[in-house]
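Just so you know, the protein sequences line up as chains A and B, in that order. Here our numbering is used: position 609 in the first sequence is 609, and no number is missing along the way. Here our numbering is used: position 77 in the second sequence is 77, and no number is missing along the way.
Computed Cβ-Cβ distance ranges for the label pairs, DEER-style: (1) A:V137 <-> B:R164: 28 to 38 Å; (2) A:S133 <-> B:Q178: 23 to 33 Å; (3) A:D117 <-> B:R115: 47 to 57 Å.
Please keep in mind that the hints were generated in silico from the structure rather than gathered at the bench. Note that beta-carbon positions come from the ideal geometry of N, C-alpha and C, so glycine has one too.
Chain by chain, the residues:
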Amino acid sequence: MLSAVSRSIRGKLMLAVIATTFIALLITAVVLVIYDLRTYQKSWVADLITQAEIIGRASGAALDFNDPEAAEQNLQLLKVRPKITAGALYDADGALFATYTREGVTDVFLPERAGPDGYRIEGNQIVLFHRVSDNGVWLGTVHLRAQYEMLERLRGYLAIVGGILIVSLLVAVLLSYWLQASVTRPILAISDVAHRVKERRDFSLRVAKTTEDELGYLVDSFNDMLTEVGNRAQALETTNRSLEHEMAIRQDAERALLIADQRKDEFLATLAHELRNPLAPLRNALEILRSHGHDTEASSAARDIMDRQLRQLVRLVDDLLDVSRITTGKLTLRPESVALQSVVQSALDAASPFIEARKVELSVSMPAAPVQLFVDATRLAQVFLNLLHNAAKFTEPGGRVGFSAEIRKRTLVVTITDTGIGIPPELLPMIFEMFAQLDRSLERQHAGLGVGLSLARRLIELHGGTLEAFSDGPGRGTRFVISMPSVVESSGAPAPAGDEAAGEPASARRRILLADDNEDFVSSFALILRAMGHEVSVAHDGQEALAAAITFRPEVAFLDIGLPKLNGYDLARRLRALDPARHLVLIAVTGWGQDHDKQQARDAGFDHHMVKPVAPEEITAILTSAH
Amino acid sequence: MRMPRLAVLCVALWGAWPAAPVRSDERATAIERSIKAAFLYKFGSYVEWQPSSFASAGAPFTIGVVGEDALARDLIDVVADRTIGDRRVVVTVLRESDPIEGVQMLFIGRSAAPRLPQLVRAIQQRPILIVTESPGALNEGSMINFVLTHARVRFEISLPAATRSGLVLSSRLLAVAQSVITRTL
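Chain A extracted, bound-state conformation (with noise of 0.2 Å):
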């Protein structure tokens, strides 16, 4: 009940006033009743005391000359006090003299002999006995017995007692109520207006101020902290938002990290296998040539084995380069002015003994007249070869591989068709990606860096164009077709019959220096050299190669930048400077390939930039083009 009632402030409130007043007025009556109680028994004493003395005094004559009807004469002076009931004399020797009892009264017990000097309560009476005397002698002993109305006092004071407290207590109530109204009512708007923003987050409510005391003043405050703890509130909230939305993209951007780095294990894991997948066949065959040297059809296979392995690992190596410059965004196009014809010509070449090898059947359409293109023609080369390498790659034997190229409002259009495995519609959009390979089991069947179609698309980019593959599914083929603003001229000339590779012309003896410390490079170079009849001299450091050049007078040099004693620059610029008027072809042959490897080159005087390993090809038509 209590807590009950002390759980709200009204209930403290009445239960404080109600408290107090109680307190107070229970505190007051019992002072002031015993205090009067022992007043009142005090005075009620005394005078009996003072009656005794009277009546004494008065009847010593009385006891002097032995006359009871004198003393009770005096006694029933008692008459004029009815609250004393009965009275007695008693003479010196303390037996009893003379006897009072009020009329009415009969129940009254008067001892037959003095008692001691003293009054004693009895219940409801008041008895006393007091020895009355005179210059020091004692007369005698007189014994009052009155009404003692301790009891009907404290009866009356607990009526008046109880009726103030009822009183008050109502008065405590109205009080308390006069308090909750004006102390209770700003603080339970307080609490409702707490109580309200708490449920709805609400910090625009405000608590209306009724008074200007203390409560005003808290009502004043509650109001302006709920205006700061908005304020606070809306910035956080704010705060919160561009916080999630930059953890958002940090997430996305950590998991792309997370997508490419583990594409990137996932490569250069592959990267090892694909470097020694055509090491064991090139070894093979090696090993062929040693013991079967002299059957020309094992050596033939060999050679053709060999060259093959190579190609790959050639490829691979110029793939990683393109893959490094894709990465550190220094892909640059060398675009010049050339013959559509002549670019598909070579991807074609470079495609063939793949597709021929994959026993798979290429059906080729090309526009009729001839078509100027402003490309790289190297890089667009590289796109359709590409292209064809995968189609073949994902085509089983038998299969067919198209590739149509078409010009449209000066647009060029090359389509790339194959009947081969197709691509799952929802993987579509991936395989542009970097390091994509949608098979990545151990045991899978078409091997690859995953590189060439990110590096086709990217070129086509970079030239302005678009690649796009589609596939109507698993088993039902790919179509990758490639869009690029780069027509210059479609004359509606016939192309001219033949090309350049059809009639190969001989080439010229050459005076050739190699200068390379790998002596099985420079070695077996030698020997590619002198088997297409040029003289060949070789030098295995700079200096021997500058005495050379001296002596040997060679009209084309192959230089390692790399060399000892004295490195590839230095040398081409001695070598420029031993005789500046004479033509020299100067060909610098390096395992980099970057950019600023092949400027440095250019810098130091070279003509041409080779990356090892060498292509035959490549030596032929430099040989060629030096003449």
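Given the coordinates of chain A, assemble chain B onto it according to the supplied hints.
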């Protein structure tokens, strides 16, 4: 000492008298005499004495007894070590020839009753309280006269006699007197 004995006497007189009416006269007389002796002493306290009543400031309060030697003996016992108004109390027995001098109270026994008028004349209205025990003595100049009523010792008072002698009797004494003569007949 003295009081208890008196008390015992009183009690005996009070309680025994009605229960045993037949007593030897001698015994009853003895009790009556002792009560009268006690009363005599007490009368001294209910009178306003003037200093002129005494020969000197240190003079004792003297009670003269005439014609009742036995009572005088009782009285001597009663007043021993007692005072009246800070004065020692002495008892003197007066013979016929003795002059009535130096006494403040004079008890005239029954045997000397015939000499009462003579004694009153001799006193000549000096402030001497005259106490008697003879019927009609008040008419002859006595101021307080013992009477025996219902076998109890009581007394009657003549105010005019006292007033003539310049004595003022306490109203309390008057209150317990059996009767008081207030005017001269």
